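S.K.: Assemble the whole structure, with the sequences as input and the hints as a guide.
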Amino acid sequence: MNRIILNGITWEHSRGYTPLVASSQRFSELHPEVEIRWQKRSLQEFADFPLEQLASHYDLLIIDHPWVGRAAVTQSVLPLDEYLSVSYLEDQLKNSVGQSHLSYHYDDHQWALAIDAATPVASYRNDLLQKNNIGIPETWKELIAMAEKKRVAVPGVSIDLLMNFYMFCLAHGNVPFQNQEQVIDHYTGQLALETMRELWSLTDKKMFEYNPIDVAELMTTTDNYYYCPFAYGYSNYSRKYYAENMLSYSDLIEFNHYGKLKSTIGGTGIAVSSSSASIDWAVHFTEWIVSPNIQSGIYAGNGGQPGHRAAWLNQEVNSYSHNYFADTLPALERGYMRPRYNGYLEFQDKAGDYIREYLKKGGTAQIVLNSIDHLYKKSRL
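Our numbering applies: residue 98 is where the sequence shown begins, and numbers increase by one.
Derived by calculation from the structure, the hints in this document are not laboratory data. As the structure is a prediction and not an experimental result, all values here were calculated from the model. Some hints could be false.
[Said to hold, decoys possible] Capping the alpha-carbon separation at 25 angstroms, the derived lysine-lysine pairs in DSS-like fashion look like this: (1) K228 to K191; (2) K337 to K228; (3) K447 to K458; (4) K457 to K447; (5) K458 to K238; (6) K238 to K137; (7) K357 to K246; (8) K246 to K303; (9) K247 to K303; (10) K247 to K357; (11) K302 to K238; (12) K247 to K228; (13) K246 to K457; (14) K457 to K238; (15) K137 to K447; (16) K247 to K458; (17) K447 to K303; (18) K337 to K238; (19) K246 to K228; (20) K457 to K247; (21) K447 to K302; (22) K246 to K302; (23) K303 to K458; (24) K302 to K337; (25) K303 to K457; (26) K302 to K475; (27) K228 to K238; (28) K246 to K458.
M.R.: In C-alpha cells:
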C-alpha cells in the first residue's frame with residue numbers, strides 16, 4: 098500500500114503543536130493509508146513568512162486570519178466553501194467562538210476553518226492574591242493601583258501593543274480603520290496612547306521584551322507578579338502540571354464608563370494548500386479536526402484551545418482547565434476583528450514599533466499617529 102503523506106506547518110507552542118500531533122495520530126489510526134507530519138516555526142516566523150511560499154511546501158497550514166486577504170489574491174490556499182457542505186459550514190458559523198469563523202471568510206470565500214480561538218484576557222495567580230488578601234482588579238482604577246505596587250505584568254512587544262492600541266481606541270469611543278486615510282481619528286488615538294502610557298509607565302521595563310507566552314512563563318515561575326490585565330490567553334497555564342504554578346483566567350476589567358474592555362481577537366485557522374497533491378484527504382482531515390466531537394475531545398484534551406464553541410461550553414473541558422473556557426468566553430464574544438486586506442500585514446509588522454518607542458522612551462502622541470497613518474496609507478496602495 099502506498100501511504101499518503103500530508104505535511105503541515107504550525108507554530109511553536111504546546112497549544113499550537115501538541116493537539117495537532119495527537120489528533121493527526123488518531124486520524125492515521127482511523128485511516129492507515131494516511132500519515133500527517135507537522136513542522137513548527139517560532140511565533141514571529143509563523144507570522145512573517147509569506148503564505149504562498151508556505152503553501153508551496155505544505156498541504157496543511159495553520160494561519161492567522163489577517164492572511165486571508167493575501168490568500169484571496171494569490172489563491173495559494175483552497176476556498177473551502179467549494180469543498181465542504183453548506184450544512185457543515187453553517188454549523189461552524191453557528192458555533193463560532195466570537196468572530197473566529199468569520200475572520201477566515203473574505204471576498205465571499207472561506208479560506209480556513211477556525212481551529213483555535215483566542216483574545217487578550219486577564220490572568221492571575223490566585224494563590225498569591227489569597228495569600229496577600231488582595232482582590233482581583235475589576236476597574237481601571239484598581240488596576241493602576243496594583244501596577245503602582247509593581248505586581249502587574251503585561252506584554253510590551255510591538256505586536257501586542259498594537260492590538261491593545263485598537264482595544265483602547267474602542268474604549269475611548271471609536272472604531273479603528275473606518276477610512277483609508279487614518280487608522281483612527283487623532284483625538285481618539287491620543288486618548289488611547291495616553292491611557293496606555295499611564296499603565297506601561299508603571300510596569301517593569303523588561304515587559305517591553307515580553308510577549309504573552311513570556312508573561313505567562315514569568316507569572317508561573319516566579320512570585321513577583323500577581324495579575325496580567327490583558328494578554329492573549331493560553332489555557333495550558335490553567336491546567337494542572339503544565340507549569341510550576343497555575344494561572345487563573347477571567348474576563349477583562351471595566352474601563353471607566355465604557356464597560357468591559359473589548360480586545361482584539363487572535364486565534365488560528367487551518368487551511369489547505371491549493372498545491373497539495375492530496376487535496377481530498379487534506380480537506381477531509383480539516384473537516385474532521387474542526388468538528389465538534391474532535392474539538393471537544395482529543396484536540397482540547399491535548400492542550401488545544403478549540404475554535405468550536407461546543408468545546409468552550411463542555412463541562413469536562415472546563416473541569417480540567419479550571420473553567421478557563423467558560424470564564425473567558427464573554428471576552429471572546431465581544432472581540433474586535435482587525436483588518437484583513439492584502440497589505441494589512443505590512444502595516445502590522447511595523448506600526449507597533451512606534452507605539453512601543455512612545456511608551457518606552459516618551460515622545461508625542463501626534464508623531465506616533467502620523468507615523469502609523471503613513472504606514473497605513475502605504476499598505477493600501
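S.K.: Could you run down the list of hints and mark each one as holding or not?
M.R.: Tested hints:
1. With a C-alpha separation of about 42 angstroms, the suggested pairing of K228 with K191 is violated against the 25 angstroms cut-off.
2. This hinted pair checks out: K337 and K228 have alpha carbons roughly 19 angstroms apart, not beyond 25 angstroms.
3. Note on K447 and K458: the hinted pairing holds, with a Cα-Cα distance of about 17 angstroms set against a maximum of 25 angstroms.
4. Between K457 and K447 the CA atoms are separated by roughly 16 angstroms; this keeps the pair inside 25 angstroms, and the hint holds.
5. Distance restraint check for K458 and K238: the Cα-Cα separation of roughly 24 angstroms lies within the 25 angstroms cut-off, and the hinted pair is therefore satisfied.
6. The suggested pairing of K238 with K137 is violated, with an alpha-carbon distance near 41 angstroms, which exceeds 25 angstroms.
7. Of the pairs offered as hints, the one joining K357 and K246 holds, with about 23 angstroms between alpha carbons and a cut-off of 25 angstroms not exceeded.
8. For the suggested pair K246 and K303, the alpha carbons sit about 16 angstroms apart, so the restraint of at most 25 angstroms is met.
9. Using a Cα cut-off of 25 angstroms, the hinted pair K247 and K303 holds, with the two alpha carbons roughly 12 angstroms apart.
10. Restraint check for K247 and K357: the C-alpha separation of about 23 angstroms stays at or below 25 angstroms, so the hint holds.
11. The hinted pair formed by K302 and K238 meets the criterion: a straight-line CA distance of about 21 angstroms does not exceed 25 angstroms.
12. With a CA separation close to 17 angstroms, the supplied pair K247 and K228 stays within the 25 angstroms bound.
13. For the hint pairing K246 with K457, the CA-to-CA distance comes to about 19 angstroms; that is within 25 angstroms, so the pair holds.
14. Under the criterion of a C-alpha separation no larger than 25 angstroms, the hint pairing K457 with K238 is consistent with the structure, at around 22 angstroms.
15. Using a Cα cut-off of 25 angstroms, the hinted pair K137 and K447 holds, with the two alpha carbons roughly 24 angstroms apart.
16. Distance hint between K247 and K458 is fulfilled; the C-alpha atoms sit about 19 angstroms from each other, no more than 25 angstroms.
17. Among the hinted pairs, K447 with K303 is consistent with the structure: their alpha-carbon atoms are about 20 angstroms apart, no more than 25 angstroms.
18. For the hint pairing K337 with K238, the CA-to-CA distance comes to about 32 angstroms; that exceeds 25 angstroms, so the pair is violated.
19. Taking the CA atoms of K246 and K228, the gap is about 16 angstroms. The hint holds against a cut of 25 angstroms.
20. As the CA atoms of K457 and K247 are separated by approximately 16 angstroms, the hinted pair is consistent with the 25 angstroms bound.
21. Between K447 and K302 the CA atoms are separated by roughly 20 angstroms; this keeps the pair inside 25 angstroms, and the hint holds.
22. Proposed proximity of K246 and K302 is supported: the alpha carbons are some 15 angstroms apart, at most 25 angstroms.
23. For the given pair, K303 sits about 13 angstroms from K458 by alpha-carbon distance, which is consistent with the 25 angstroms threshold.
24. With a C-alpha separation of about 30 angstroms, the suggested pair K302 and K337 falls outside the 25 angstroms cut-off, and the hint is violated.
25. For the proposed pair K303 and K457, the alpha carbon gap of about 10 angstroms is at most 25 angstroms, so the pair holds.
26. For a cut-off of 25 angstroms, the pair hint linking K302 to K475 is broken: about 31 angstroms separates their Cα positions.
27. For the proposed pair K228 and K238, the alpha carbon gap of about 22 angstroms is at most 25 angstroms, so the pair holds.
28. Of the supplied pair hints, the one linking K246 and K458 holds, its CA atoms being roughly 21 angstroms apart against a limit of 25 angstroms.
The structure fails hints 1, 6, 18, 24 and 26 (numbered hints given earlier, in ascending order).
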